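Asks: The listed protein sequences derive, respectively, from chains U and X. Position one of the first sequence corresponds to residue 5 (this note's numbering), numbered consecutively onward. Position one of the second sequence corresponds to residue 9 (this note's numbering), numbered consecutively onward.
Everything labelled a hint here was simulated from the structure, so no lab data went into it. Treat the hints with caution; some may be incorrect.
Claimed, not checked - Below, simulated DSSO-like cross-link-like pairs (lysine-lysine); rule was C-alpha separation at most 27 Å, straight line:
#1 X/Lys287 x X/Lys169
#2 U/Lys215 x X/Lys287
#3 X/Lys299 x X/Lys257
#4 X/Lys287 x X/Lys43
#5 X/Lys204 x U/Lys77
#6 U/Lys203 x U/Lys61
Unchecked claim - Label pairs and their calculated CB-CB ranges:
#7 X/Ala167 x U/Gly69: 26 to 32 Å
#8 X/Pro24 x U/Gln246: 50 to 56 Å
#9 U/Leu407 x X/Asp98: 55 to 61 Å
#10 U/Pro217 x X/Lys13: 45 to 51 Å
Said to hold, decoys possible - Here are a few chain X residues that face chain U, going by a calculated C-beta distance under 10 Å:
#11 Ala78
#12 Asp98
#13 Leu255
The structure presented is a predicted model; accordingly, all values stated were derived computationally and were not measured. Where is the CB? At the ideal position from N, CA and C, for every residue including glycine.
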Amino acid sequence: MKGRNGMSMRNAGLLHPSIEKVVVIEGTHAASYAVKLARVQVIAAYPITPQTSVVEKLSEIVSDGELDAKFIKVESEHSAMACCIGSSISGARAFTATSSQGLALMHELLHWAAGSRLPIVMVNVNRAMAPPWSIYVDHNDSLSQRDTGWLQFYAESNQEVTDTVLQAYRIAETVSLPVMINLDAFVLSHTSEPVALPKQELVDEFLPPRKAPFKVDASDPRAFGALIGPEAYMEMRYKLYQAMEDARRVIREVDRDFAAKFGRSYGGLVEEYMTEDAETVLITSATAVSTARIAVDELRSMGFPVGLMKIRAFRPFPVDEIRELAKRVRKIGVMDRSVSFGATGIIYQETKAVLYNAPDRPAVFGFIAGLGGRDITPETIKEIFSYLLNREEPVSEAVWVGLKTAAADRPEPPFPENSAAMKSSEGV
Amino acid sequence: MGQIKYQLPPEEVLAPGHFACPGCGATLTMRYALKALGRKTVAVIPACCWSVIDGPVPYSAAGVPVFHTAFETAASTACGVKAGLDAQGDHETTVLAFAGDGGTFDIGLQALSGAAERNEDIVYICYDNEAYMNTGIQRSSATPFGAWTTTTPTESPKAEKKKNIVEILAAHRVPYIATASVAYPDDMISKIRKAKDIRGFKFIHVFSPCPPGWKFEPEDSIKISRMAIESKVFPLIEIFDGTDYRLSKEPEGIPVHDYIKMQGRFRHLDDEKIGLIQKNVDEEWARLCSKIVPAMQVSHAARDEMKGGRKSSRARGARGTGSAKKKEQSARR
Chain U
5 MKGRNGMSMR
15 NAGLLHPSIE
25 KVVVIEGTHA
35 ASYAVKLARV
45 QVIAAYPITP
55 QTSVVEKLSE
65 IVSDGELDAK
75 FIKVESEHSA
85 MACCIGSSIS
95 GARAFTATSS
105 QGLALMHELL
115 HWAAGSRLPI
125 VMVNVNRAMA
135 PPWSIYVDHN
145 DSLSQRDTGW
155 LQFYAESNQE
165 VTDTVLQAYR
175 IAETVSLPVM
185 INLDAFVLSH
195 TSEPVALPKQ
205 ELVDEFLPPR
215 KAPFKVDASD
225 PRAFGALIGP
235 EAYMEMRYKL
245 YQAMEDARRV
255 IREVDRDFAA
265 KFGRSYGGLV
275 EEYMTEDAET
285 VLITSATAVS
295 TARIAVDELR
305 SMGFPVGLMK
315 IRAFRPFPVD
325 EIRELAKRVR
335 KIGVMDRSVS
345 FGATGIIYQE
355 TKAVLYNAPD
365 RPAVFGFIAG
375 LGGRDITPET
385 IKEIFSYLLN
395 REEPVSEAVW
405 VGLKTAAADR
415 PEPPFPENSA
425 AMKSSEGV
Chain X
9 MGQIKYQLPP
19 EEVLAPGHFA
29 CPGCGATLTM
39 RYALKALGRK
49 TVAVIPACCW
59 SVIDGPVPYS
69 AAGVPVFHTA
79 FETAASTACG
89 VKAGLDAQGD
99 HETTVLAFAG
109 DGGTFDIGLQ
119 ALSGAAERNE
129 DIVYICYDNE
139 AYMNTGIQRS
149 SATPFGAWTT
159 TTPTESPKAE
169 KKKNIVEILA
179 AHRVPYIATA
189 SVAYPDDMIS
199 KIRKAKDIRG
209 FKFIHVFSPC
219 PPGWKFEPED
229 SIKISRMAIE
239 SKVFPLIEIF
249 DGTDYRLSKE
259 PEGIPVHDYI
269 KMQGRFRHLD
279 DEKIGLIQKN
289 VDEEWARLCS
299 KIVPAMQVSH
309 AARDEMKGGR
319 KSSRARGARG
329 TGSAKKKEQS
339 ARR
């Protein structure tokens, strides 16, 4: 997906025949309605701001009889994930939602869910980790769960939240791995947008009832997760690794199937915007992508060949897509809403890592922005582009954008003052 | 010891070839539990001796499906299995959480409390061997006062009393709690059968001797279990709705000293310390007796229950079918 038609709402508009109704809802409810459409059988959840309205709406949906599901109101996120694991190993379709500290508390069981090869789907509302207490967005909560064996998606719009939950169950149940769908605290979770809800019968066709390839079944007693020696553990991990590799293909196929049925596509693992003839491309994720689209439009209108790549799937990481992009561009900037202390922004690290063994290696610049809910505005993005256009090689591994304290590697002044410098890079 | 006057259900669900130590109480507990619950059971087992006893991949001795889960999640995972089976229309399969004392008294207490408070329809069996035995005999909150473990060496044995897990569960007012012993398989099996037929949360606390952990000969497991009951160290009781206490067996009241002297873990205790233990046992026994309804009533009521079954009357949603006394108790909730 390249160019404007990659944007979800502009794909098919709100008039596609698959649409049952269009509602104006916040991102949390976009998740709740998708759970209903997916005919989830067991929900287990514990409240945490700003996830609460996901489960409040689901409580209404279940108690109104609109969804025939068991809803276990557990005493912690740890138990929420344990309940999901238990119901999933029994063969049921399970869902939970959490955020930040709750996700961190689940950490042990994220490994357990993936290691048990259970297709649980979870919505995580991205919220900064404490201390100090913050309820606002950044991505350190979910990116810290990178190595647990969960697929991770980052949503740009409320429509994408709904659609990705539906896609997630298809993907999860195909590759037997759990999927986490992330949406930005408040920027998406509590912002209302029009969302097209598809017709139930079409969702049922797209997502048939789960057929578990293995489960706890008294008529066929087996043990799951028992002690295993060094002679076989590694092979089980290799199978999990392969399932995640296979997920790349499955994500692309499911997105294509989804587009054929519902008229909306998200490009699979990434979505590109104005990259066809771009020389400088910014890679970022989640709601900052929408903001970056505006900045790219502005810079394009000024004649700068800039573009945008949205990381939709962080796990599996879009290796092929980034290597393909690297063949075409001179510079890549990565804007992270996260930081790995002692290293850099997390997507920046991953981007560099996939390019090291690639034949084409453009200069890659790392930026850290928007931590703890600090606004990322079109000005923030233009400041980053200004920095990129002014330099041929990175001088720092982590440029902190919009930092109020004096920083050694502060980005350039706002964009218009650097027009001369930027023009010099245009012809290269 | 008297003659055996009862017959165990003949079917062996648990297969031979498991990995337990000789004389293991936890293994007898599982054997009797599965005799009581039958094959239509799913077992959820957290980190504990039973993570090993059932056998490594690809073996499983249990004879029922086993899901091995994280240490603190026996209750919460079992709730999930139950909800998942229910959601798929299977209301018949019994879901059994089977955990040691560490996974129950300590790290799993929060999930256990949550499941009990929600009155989840599972059977939770704690086989209590009074320390972290799978990791090599470290102190738990179930370890009794004065006991040696590798983290409470004889120079400074455990200075605190054993946590009263049964009272904690009783405070949740769950429909059924029972204590049981491998020395009385008939009593254990009848209690677990009763638990199977009651809707809601059931907790069975089993006294589970551990020869290597307690330092005694494997052939003395049953003898020690019996002495724990006869000395009132481990009373056999049932609690209905968290308030209605029944004594299952009147102990002979042998000195605690006799029970203590059987076990190497108490070898360092002098008579003064053993006296303290006796005093504590007597106090706890008096406290328990004050809650127990008179003996005559016990035996009659217990017999009625065995005949009629308590299935619906114990369900939280159907309390109205109980006696006036029960209604009064329900109203107190």
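Asks: If a hint holds in the structure, say so; if it doesn't, say that too.
Replies: Hints versus structure:
1. Distance restraint check for X/Lys287 and X/Lys169: the Cα-Cα separation of roughly 12 Å lies within the 27 Å cut-off, and the hinted pair is therefore satisfied.
2. Between the alpha carbons of U/Lys215 and X/Lys287 the distance comes to roughly 59 Å, so the proposed pair goes past 27 Å and is violated.
3. For the proposed pair X/Lys299 and X/Lys257, the alpha carbon gap of about 15 Å is at most 27 Å, so the pair holds.
4. Annotation: proposed proximity of X/Lys287 to X/Lys43 is violated, straight-line Cα distance about 37 Å (limit 27 Å).
5. Restraint check for X/Lys204 and U/Lys77: the C-alpha separation of about 24 Å stays at or below 27 Å, so the hint holds.
6. Taking the CA atoms of U/Lys203 and U/Lys61, the gap is about 19 Å. The hint holds against a cut of 27 Å.
7. Range check, X/Ala167 to U/Gly69: about 56 Å between beta-carbon atoms, so the 26 to 32 Å window is missed.
8. Checked against the hint of 50 to 56 Å, the C-beta distance between X/Pro24 and U/Gln246 comes to roughly 37 Å, which is inconsistent with it.
9. For the hinted restraint 55 to 61 Å between U/Leu407 and X/Asp98, the CB-CB distance of approximately 57 Å keeps it satisfied.
10. At about 49 Å, the CB distance of U/Pro217 to X/Lys13 agrees with the hint of 45 to 51 Å.
11. Checking X/Ala78 against chain U: minimum C-beta separation of about 6 Å stays under 10 Å; hint holds.
12. Interface hint at X/Asp98: satisfied, since its Cβ lies 8 Å from the closest Cβ of chain U, which is below the 10 Å cut-off.
13. Hint status for X/Leu255: violated, given a least beta-carbon distance of 32 Å to chain U, over 10 Å.
Violated hints, listed in ascending order, are 2, 4, 7, 8 and 13; each of the other numbered hints is respected by the structure.
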